[in-house]
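Student: Below are the chains, spelled out letter by letter.
There are 2 protein chains.
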Amino acid sequence: MIVVGGGAAGFTAALAARECGASVVLLEKGEQVGGTTRKAGVWIWVPNNPFLRGGGVEDPKRPALQYMARLARPHVYDPASPTCGLPLEEYRLIETFYDEAWHAVELLTRMGALQPHHRPDIPDYYAELPEDERPYGRVIMPQPRSRPTGGTGLEFVEALEGAARACGIPIHTSCRALKLIEEDGRVVGVAADERGRERTFRARGGVVFASGGFTHNRELMLQSFAFPLLHGAAAPSNEGDFVSIASRVGARLANMGCAWMAPIQLEQALTPEQARSNASITEIHGDSAIIVNRDGRRVVNEKAMYNDLTQAFFAWDGVYGGYPNARLFLIYDDATARLCGDDATGNPILPVDAEAPHILSAPTFSDLAAALDRRLQALGAAAAGVRLAPDFAVTLERTVERFNEYALAGADPEFHRGEKAIERFFSGPTRPGNDRNPTMHPFEPAGPYHAMILAPGTLDTKGGPMIDAGARIVGSDGHAIPGLFGAGNCVASPSGQAYWAGGATVGLAITYGRIAGLGAASLAGDH
Amino acid sequence: MIVVGGGAAGFTAALAARECGASVVLLEKGEQVGGTTRKAGVWIWVPNNPFLRGGGVEDPKRPALQYMARLARPHVYDPASPTCGLPLEEYRLIETFYDEAWHAVELLTRMGALQPHHRPDIPDYYAELPEDERPYGRVIMPQPRSRPTGGTGLEFVEALEGAARACGIPIHTSCRALKLIEEDGRVVGVAADERGRERTFRARGGVVFASGGFTHNRELMLQSFAFPLLHGAAAPSNEGDFVSIASRVGARLANMGCAWMAPIQLEQALTPEQARSNASITEIHGDSAIIVNRDGRRVVNEKAMYNDLTQAFFAWDGVYGGYPNARLFLIYDDATARLCGDDATGNPILPVDAEAPHILSAPTFSDLAAALDRRLQALGAAAAGVRLAPDFAVTLERTVERFNEYALAGADPEFHRGEKAIERFFSGPTRPGNDRNPTMHPFEPAGPYHAMILAPGTLDTKGGPMIDAGARIVGSDGHAIPGLFGAGNCVASPSGQAYWAGGATVGLAITYGRIAGLGAASLAGDH
Numbered sequence: 001m002i003v004v005g006g007g008a009a010g011f012t013a014a015l016a017a018r019e020c021g022a023s024v025v026l027l028e029k030g031e032q033v034g035g036t037t038r039k040a041g042v043w044i045w046v047p048n049n050p051f052l053r054g055g056g057v058e059d060p061k062r063p064a065l066q067y068m069a070r071l072a073r074p075h076v077y078d079p080a081s082p083t084c085g086l087p088l089e090e091y092r093l094i095e096t097f098y099d100e101a102w103h104a105v106e107l108l109t110r111m112g113a114l115q116p117h118h119r120p121d122i123p124d125y126y127a128e129l130p131e132d133e134r135p136y137g138r139v140i141m142p143q144p145r146s147r148p149t150g151g152t153g154l155e156f157v158e159a160l161e162g163a164a165r166a167c168g169i170p171i172h173t174s175c176r177a178l179k180l181i182e183e184d185g186r187v188v189g190v191a192a193d194e195r196g197r198e199r200t201f202r203a204r205g206g207v208v209f210a211s212g213g214f215t216h217n218r219e220l221m222l223q224s225f226a227f228p229l230l231h232g233a234a235a236p237s238n239e240g241d242f243v244s245i246a247s248r249v250g251a252r253l254a255n256m257g258c259a260w261m262a263p264i265q266l267e268q269a270l271t272p273e274q275a276r277s278n279a280s281i282t283e284i285h286g287d288s289a290i291i292v293n294r295d296g297r298r299v300v301n302e303k304a305m306y307n308d309l310t311q312a313f314f315a316w317d318g319v320y321g322g323y324p325n326a327r328l329f330l331i332y333d334d335a336t337a338r339l340c341g342d343d344a345t346g347n348p349i350l351p352v353d354a355e356a357p358h359i360l361s362a363p364t365f366s367d368l369a370a371a372l373d374r375r376l377q378a379l380g381a382a383a384a385g386v387r388l389a390p391d392f393a394v395t396l397e398r399t400v401e402r403f404n405e406y407a408l409a410g411a412d413p414e415f416h417r418g419e420k421a422i423e424r425f426f427s428g429p430t431r432p433g434n435d436r437n438p439t440m441h442p443f444e445p446a447g448p449y450h451a452m453i454l455a456p457g458t459l460d461t462k463g464g465p466m467i468d469a470g471a472r473i474v475g476s477d478g479h480a481i482p483g484l485f486g487a488g489n490c491v492a493s494p495s496g497q498a499y500w501a502g503g504a505t506v507g508l509a510i511t512y513g514r515i516a517g518l519g520a521a522s523l524a525g526d527h
Numbered sequence: 001m002i003v004v005g006g007g008a009a010g011f012t013a014a015l016a017a018r019e020c021g022a023s024v025v026l027l028e029k030g031e032q033v034g035g036t037t038r039k040a041g042v043w044i045w046v047p048n049n050p051f052l053r054g055g056g057v058e059d060p061k062r063p064a065l066q067y068m069a070r071l072a073r074p075h076v077y078d079p080a081s082p083t084c085g086l087p088l089e090e091y092r093l094i095e096t097f098y099d100e101a102w103h104a105v106e107l108l109t110r111m112g113a114l115q116p117h118h119r120p121d122i123p124d125y126y127a128e129l130p131e132d133e134r135p136y137g138r139v140i141m142p143q144p145r146s147r148p149t150g151g152t153g154l155e156f157v158e159a160l161e162g163a164a165r166a167c168g169i170p171i172h173t174s175c176r177a178l179k180l181i182e183e184d185g186r187v188v189g190v191a192a193d194e195r196g197r198e199r200t201f202r203a204r205g206g207v208v209f210a211s212g213g214f215t216h217n218r219e220l221m222l223q224s225f226a227f228p229l230l231h232g233a234a235a236p237s238n239e240g241d242f243v244s245i246a247s248r249v250g251a252r253l254a255n256m257g258c259a260w261m262a263p264i265q266l267e268q269a270l271t272p273e274q275a276r277s278n279a280s281i282t283e284i285h286g287d288s289a290i291i292v293n294r295d296g297r298r299v300v301n302e303k304a305m306y307n308d309l310t311q312a313f314f315a316w317d318g319v320y321g322g323y324p325n326a327r328l329f330l331i332y333d334d335a336t337a338r339l340c341g342d343d344a345t346g347n348p349i350l351p352v353d354a355e356a357p358h359i360l361s362a363p364t365f366s367d368l369a370a371a372l373d374r375r376l377q378a379l380g381a382a383a384a385g386v387r388l389a390p391d392f393a394v395t396l397e398r399t400v401e402r403f404n405e406y407a408l409a410g411a412d413p414e415f416h417r418g419e420k421a422i423e424r425f426f427s428g429p430t431r432p433g434n435d436r437n438p439t440m441h442p443f444e445p446a447g448p449y450h451a452m453i454l455a456p457g458t459l460d461t462k463g464g465p466m467i468d469a470g471a472r473i474v475g476s477d478g479h480a481i482p483g484l485f486g487a488g489n490c491v492a493s494p495s496g497q498a499y500w501a502g503g504a505t506v507g508l509a510i511t512y513g514r515i516a517g518l519g520a521a522s523l524a525g526d527h
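Sequence order for the protein chains is A and B.
Going by my numbering, the first residue of the first sequence is number 1, and it counts up by one from there.
Going by my numbering, the first residue of the second sequence is number 1, and it counts up by one from there.
Because the hints were derived from the structure by calculation, they are not lab data.
It cannot be assumed that every hint is accurate.
No copy labels: a pair is met if it fits in one copy or bridges any two.
Unchecked claim - List of simulated lysine to aspartate or glutamate pairs, DMTMM-like, C-alpha gap at most 25 Å:
1) Lys-61 / Asp-295
2) Lys-61 / Glu-158
3) Lys-61 / Glu-131
4) Lys-179 / Asp-468
5) Lys-179 / Glu-131
Pulled out of the complex, with its shape left as it was, chain A reads as follows:
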């Protein structure tokens, strides 16, 4: 069978099929394997994992599914309904995830691609919801080689690739799938461009797509979201190839308006080389750091987890005739830069001596405002029409004064900063003794102060052809398309609009990657 895409989902599919004895070939569009997994923190969210069970703590099924359903489709969630209010096929997708996620971890462990490292200390992103009966302990990480907090994406990709090569899976890099080959109404192969040469790969078993989302397809992004979302962390090869390839065989698309979202450092994301590195923000460290809009006002709980934080950019203003928050501004003091500056993935605050032209610094808020507005002007259309209000600096002074009062009181009555477990987990270092609410500390009374421009972006998109619980691609007539499977960000995510927890991405990718690989392998056996 054929796997298209060499990230977490694709490698897991390939290993699952190979373990069953199927002959497997893996096609990777990029020059190197890894896809978005290469850049990921590699948390793996595994509900109902045996570390929980082994610790005498069960992860009962119904509340776990209620937690997932509530966040996946909030406005139709119905705790009294057998399917929690979801369409039956969607309910089956989350049920299967609950049932099968751990089997994917076991598979990767058997194949030598993963040494599971349980993290009982990591909370779900909505740990406070009544449905979340197991708010801690669903995250598994690869056993770290280089970092004490968990393996890096690069290490995980190397382990996956090593396991694949060890069991004889040929890997074709710089090999882009172009279209599907059908015979008798069944997908039997892939036509691909391998280093400029068109080639045909034929499969006795099925074809598994695990080729990533459409974060770097500008038109598809523009035409899929009704809010101002830009590209982000996903691998540059994630151009939505599978959306058009699968559309041509009649696939049914879903969740095209959903994404795994995160704010991005706008100017980092605009430079070509940085678009390929990680401009996405997943944890804003620092207790004297706030986000303000063009008026100089706070508009969001700055410690909200990244997917929620991104929603703050989407506020529509009919008088303004657009999105006044399409660009926001991270402002912090020098103590925060000294305390929290690092190059950890996802924290935008860099060491004070870092070369970082996208970070503006000035001795006063007034000077900082002038510099920010000049930068917005220089950005042209990339500023999305946002310029600072004339009294931005004055308002910012007042905003900081009020924030300082909140910090001293340890409570943020406006945005509830620091009230959730995940916010405290992601908040980074704080000043010694700041234990009332460690996510907030008054700004230093004197500068320098620092600022950067933020925009709403994706880690990757969530829309694409729908799958059923067997990871089969569903056609627009509601029936599975014979021979075609999918997993990871190239298919409509079983999570709907939810970001349940850190690692929900990779957790779903390997769970449905394994199921897709097993399905394709079983087809090979039929022949």
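Let chain A serve as the given structure and place chain B on it in line with the hints.
Tutor: Just chain B now, with coordinates in the frame of chain A:
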């Protein structure tokens, strides 16, 4: 040629083709023709119309396109770019709309389906934007028979149908298109279900789909929007048939996350018979009427035009873990009910003696709160998890006090109510002498007060197969699918996420309906 759908777009396509001499058949899924047009107010937004030119007022092209582009794709709008920042094919769609809209009005006039009635007094929905050089006078209506303010949808549909029958176009009602017939890579017909019997219609020319959006397809709605949108005013037959029919021939979908949005009266929309009538709200009349959330606080400019107003329901709250504003509450005093109660399309305030179980009335805010919360509880899952905060009534009292102060001052510093021309246009009757800001008046100091539950809904959706400027359906390979055309709400709207003005819906429908009809007719001539 074949037209699928008997609303404004479909009839215009049929009449355009017939005028060219083509033989035309029209298939309508409903028991009667008319679709959503039957329920529409029938405003027709026509940029660059000769009433403007004749009055010595030009409607210059570039600013008109800038206005449309800015609102269609706000975050990529670039006034300095030749395409205003839009992808070229999208720019061509709005340019063609500007160039051709009037020709559609002329066609319908020639065919006896429309007597144009110019309304120089109606403002665009964003008349205050600098790009809007012609903020008044782009709306055309059918010359009214029964109402002095413009023809009704029913009258317009009767005129369209009459014109079609007069020129010999056969109309098949209760005839649902099932799939396309292709020969040699070209669409040559439609298989349909006509009153339970499968029939085939073949076309020498092309096939034009004008079959409406997917407002009444629950799964497609759920899987297309990343926010809590319910069904609304569209014809009950608008179940997104064309999305799956066109997907099976490889169409490229776009704007699946966009809709023509309007709040709905939730309980009206939930009853089967009312789902078919108009629960959608397009003008909230009354100067002592406010909208509050579960906390009893205002969250929106209540006079904002309906599409903007709907955005207020979408505020995400990560601490709450959902959409706390998914249900909002319209509260008004008895003077407003007496002054503004009518059964005009789109105004939710009914006469005081109307039979209306969805309207709750009580002598005090406290009693009203208790009744509202009981109703929310009784609604179960339809309340989307929303219940009133324990101190709702107290907060509502304070909210009304503050609103009263704003009303006396004539200015709403929080939400800018009544500042835009369109808000004043839609505001309904006001108390005599209330001329400082006629959209606001203090509440009466004593009850009864009235309330109803609101939810976010659609007039219809905007997503579907993409068209090019010739109204040809575009395939996922970027090329037009030979023989297949589309117009109206069944295709990806050229307006993107914008609601430029009242009548943008019908204006686009007839403009691209005509172009589709001409295109299909010209194919017939080739044979």
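Student: Tell me the numbers of any earlier hints that the structure contravenes, in ascending order.
Tutor: 1, 2, 5
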